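A.B. asks: Given next are the chains, with one letter for each unit.
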Amino acid sequence: MDASTLITASATDLAAAIAGGEVSSVEVTRTHLDRIAAVDGVVHAFLSVDEEGALAQAAAVDARIAAGEQVGPLAGVPLALKDVLAQKGIPTTAGSKILEGWRPPYHATVTQRLLDAGIVILGKTNLDEFAMGSSTENSAYGPTNNPWDLTRVPGGSGGGSAAALAAFEAPLAIGTDTGGSIRQPAAFTGTVGVKPTYGGTSRYGQIALASSLDQPGPCGRTVLDTALLHEVIAGHDPKDQTSLDAPVPPVVAAARAGDVKGLRIGVVKELGGEGYAPEVEANFRATVDLLSGLGAEIVEVSCPHFEYALAAYYLILPSEASSNLARFDAMRYGLRLGDDGTRSTEQVMALSREAGFGAEVKRRIILGTYALSAGYRDAFYGSAQKVRTLVQQDFTAAFARADVLVSPTTPTAAFRLGERVDDPMAMYLNDLCTIPTNLAGNAAGSFPTGLTTDGLPIGFHVMAPHQADDRLYRVGAALERTLTDRWGGSLLDRVPVLAPTATTTEVTR
Amino acid sequence: MSEPILSYDDALEAYEPAIGLEVHVELNTASKMFCGCSTAFGAAPNTHTCPVCLGLPGSMPAINAKAVESAIRMGLALNCSIAEWCRMSRKNYFYPDMPKDYQTSQYDEPIAYDGYLDVELSDGEVFRVEIERAHMEEDAGKLTHLGGDTGRLHGADYSLLDYNRAGVPLIEIVTRPITGAGARAPEVARRYVETIRDLMRALGVSDVRMNEGSLRCDANVSLRPWGRQTLGTRTETKNINSFRSIEGAVAYEIQRQAAVLQDGGTVEQCTRNWLEHLGETSFGRSKEEAEDYRYFPEPDLVPIAPSREWVEELRATLPEHPTKRRNRLQADWGFSDLEMRDVVNADALDLVEATVTAGAPAQAARKWWTTELARRANEAGVTLDEVGVSPAQVAAVQALVDAGTINDKLARQVYDGVLAGEGEPAEVVAARGLAVVSDDGALGAAVDKAIAANPDVADKIRGGRVQAAGALIGAVMKEMRGQADAAKVREIILERLG
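Protein chains in written order, with numbering that gives the first Met the number 0: chain A, 0 to 508; chain B, 0 to 497.
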């Protein structure tokens, strides 16, 4: 394999080549580090790159293979890790100034499982501050640009991870999804992103945004790569009591099968129509027809409470976030300003938070503090929890009629940088289709199904019942196989070529 | 700075007190509430910490099943119902000793609720205190303010934080308003907390040491004119740390509030601090400054749903209620109320029981522990069970006394020997030659010597004043370094001079 093949190859193929001795993990890793150095100046997918650590992990995998050891199916393959997951000794910022320079003394469970599987962590990717956002423009370290069109956003909050995949800086990435932060960027970048069933992957070591909604998940360029990564990070973790003590659904087998014959697919009536771009709707309908042609049974389902999901989400999320973010008080770690002996604890705390938190974070902390405050809790937080129950009931009823539910992933394709930064409501509407899943805790994924006339990717959203994550991969793989044939290759073959630039991302360590 | 107060009797004549008590008990589980860190007291600062109890970004709690078990046993012992389903909640507030800036606690779903505790007062009457709830929560860290004059935050140059205690499991027990105690309200408060202490110790779920902060109490007090139904405005005196102070703080608040009301004023709802050295409470913070804790269910933990089978299994492990046990033992031992109270106050119940079990008569066991050994413990500044003499050794000493081998005075020297590591009581007697001399020849010689040295005393006895023999006995004892058999000596004296 030459350098250009190494960066475009699937993780599955790379792992096979590494395990078979055709290429070393060090070589693959080196190639990706070079790619990052060449293009990340314009993409800005990474907040930090751990060259030394990545090469050391790659060398260790090579040594194990040379010693004849059996290694996992993704061993030696590089990966981009969203900078909201703790990696021991590596700067972990959650995209915020308040954590600038903080190096966790421990690994997140997801991080630990990646390393145990021999996966090479290249670096930490950019995100909206504390994963709050739908465009990665809220990062305290500057926005990430969408490789399909550098003037557009890659989606958020996992824009860095998705852009790293689309820019061929890494064949695998990890995201976290609270209201669509894996799926929406996947849709905007033509990649695959899955939010597992709540509790399917451990949250231990993920800097919490909203604990009852957050879930780490796999991101990839192919459905099988994503499934393999899913299997690596999923499974019970005693450190996270909300983690499910149950077998991981057979996601890899489903991704290999890709058969939708007889599968009942429910089209959610409420997720479409006004506010959805015509091109997005047309692509969605064509994709449903395609699945029908593959033997799936199409039914229409109604989820009447989905229209309140967004409102409930924007009360529950800030409520939990206001509590989760309380610990960033400048007392123990992170940014600390004004500690010159003349100020009180409260003044030091206030100065540090004023400088350390961005506008969106402050907005949500204030919203959440208000929603939980005495006299308002029942009206806001309490009502939102009731809506949440109704949304869950909608899903239960819909899944009685259909094996999976489908919708567009986002109402529109990627918008321009700066276009919605001053209009939080417009920004929040981006997550209309993805949010109900987080409220209900079921699984969902986004798969690329086409391009707009502007050449921007469109995502297809598939939702599955609790612990039926494998069904997502069945649908995704069927689409991928058919569309790849139809297109004569992967959608990502059409991503514009990024010219190497002089600007490079700072390499830490 | 003292506020005006009304005399206690006058206060009680005009007003009826209502009290409410919140007792925090630190559980003695080996590990913390939400992580595996040790809970051992007194370790070097911040050595018993991890990402979880330090609240580092990304870390998550995992509940300690042993703490839940202790909470259930405690709830059962307090005659509470045990929740079939409950949750932990977050209590949000900022303080540097709170690693996450929220405390994981329970709010509207406590593990135990609707119970009562029977408290025996000094006159033997049993007063029932109703318990509203007992809930689980985690402790905070410890702040030490340095560089200032007062050791308080205000004026300190800097503060040190020790998070070893952060995350140690706590149970908070909250009473319903206690009315009907009248003038005995302060005693009820004290005895209630003491009974909790006894109960926790009997359960073995806590070390219940007030000096180490493993038992802490907040006392609410309000007054109302006799006959009125609605409760008056209350104050809450925080962090009272001795049994005597609980009684004192309640009595003081009754007198202070009575003076305010008598003067036509209104009691301000506020927290107060107990000033041990002055025997007074001082203003803490007013209701207007009261925090909004913004409680909501802890999303990082799953609900707790103890099975009924488990609860019944735990109920079967409950020890005898301390009050019942005390009454039983008092009857068995034939102690007077005063004697029993001495034993309880000296914290010697278990030790006396063990000494009796080891074969000593109950009265003798009581006497040793509440006098000689209590004095030694007090001098050494340790608790009775740390004094260095075991119940078995006390029983052995008493056996030697009963056999006439030694007397009470010599017994003290035997304890000296035991404490000096010279071995068991019998070995100390042998090694130090402490046995009582009752040999006629040796005693006779000593008596003769005493008579010769005290001719005037001898004359009095010859003259029929038998009670003067005491002086000669004393002289003989001195001669024989206390080892003479006093009865025998008296016999010989009267024989010679009779």
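These are computed hints drawn from the structure, not numbers from a lab.
Don't take every hint at face value.
For lysine-lysine, the following BS3-like pairs were computed, each having C-alpha atoms within a straight-line distance of at most 25 Å [unchecked claim]: (1) Lys323(B) x Lys366(B); (2) Lys408(B) x Lys323(B); (3) Lys141(B) x Lys65(B); (4) Lys361(A) x Lys90(B); (5) Lys65(B) x Lys238(A); (6) Lys323(B) x Lys286(B); (7) Lys268(A) x Lys96(A); (8) Lys385(A) x Lys237(B); (9) Lys459(B) x Lys477(B); (10) Lys448(B) x Lys477(B); (11) Lys96(A) x Lys361(A); (12) Lys238(A) x Lys237(B).
It should be emphasised that the depicted structure is a prediction, and the values quoted were computed from it without experimental measurement.
A.B. asks: Take the hints in turn and mark each one as holding or not.
C.D. replies: Here is what the structure says about each hint:
1. Between Lys323(B) and Lys366(B) the alpha-carbon distance is near 23 Å, which keeps this suggested pair within the 25 Å criterion.
2. Restraint check for Lys408(B) and Lys323(B): the C-alpha separation of about 36 Å exceeds 25 Å, so the hint is violated.
3. At most 25 Å may separate the alpha-carbon atoms for a hinted pair to count; Lys141(B) and Lys65(B) meet this at roughly 24 Å.
4. A hinted pair counts as satisfied when its Cα atoms are at most 25 Å apart, and Lys361(A) with Lys90(B) qualifies at roughly 20 Å.
5. For the proposed pair Lys65(B) and Lys238(A), the alpha carbon gap of about 16 Å is at most 25 Å, so the pair holds.
6. In summary, the hint linking Lys323(B) to Lys286(B) is not supported, as the alpha carbons are separated by about 41 Å, beyond the 25 Å threshold.
7. For the given pair, Lys268(A) sits about 42 Å from Lys96(A) by alpha-carbon distance, which is inconsistent with the 25 Å threshold.
8. Restraint check for Lys385(A) and Lys237(B): the C-alpha separation of about 38 Å exceeds 25 Å, so the hint is violated.
9. Taken as a hint, the Lys459(B) and Lys477(B) pair is honoured in the structure, with Cα atoms around 21 Å apart against an allowance of 25 Å.
10. At roughly 12 Å between alpha-carbon atoms, Lys448(B) and Lys477(B) fall within 25 Å of each other, so this suggested pair holds.
11. Distance restraint check for Lys96(A) and Lys361(A): the Cα-Cα separation of roughly 13 Å lies within the 25 Å cut-off, and the hinted pair is therefore satisfied.
12. Pair hint Lys238(A) plus Lys237(B) does not hold up; C-alpha atoms about 35 Å apart against a cutoff of 25 Å.
The structure is inconsistent with the numbered hints 2, 6, 7, 8, 12, although it conforms to all the rest.
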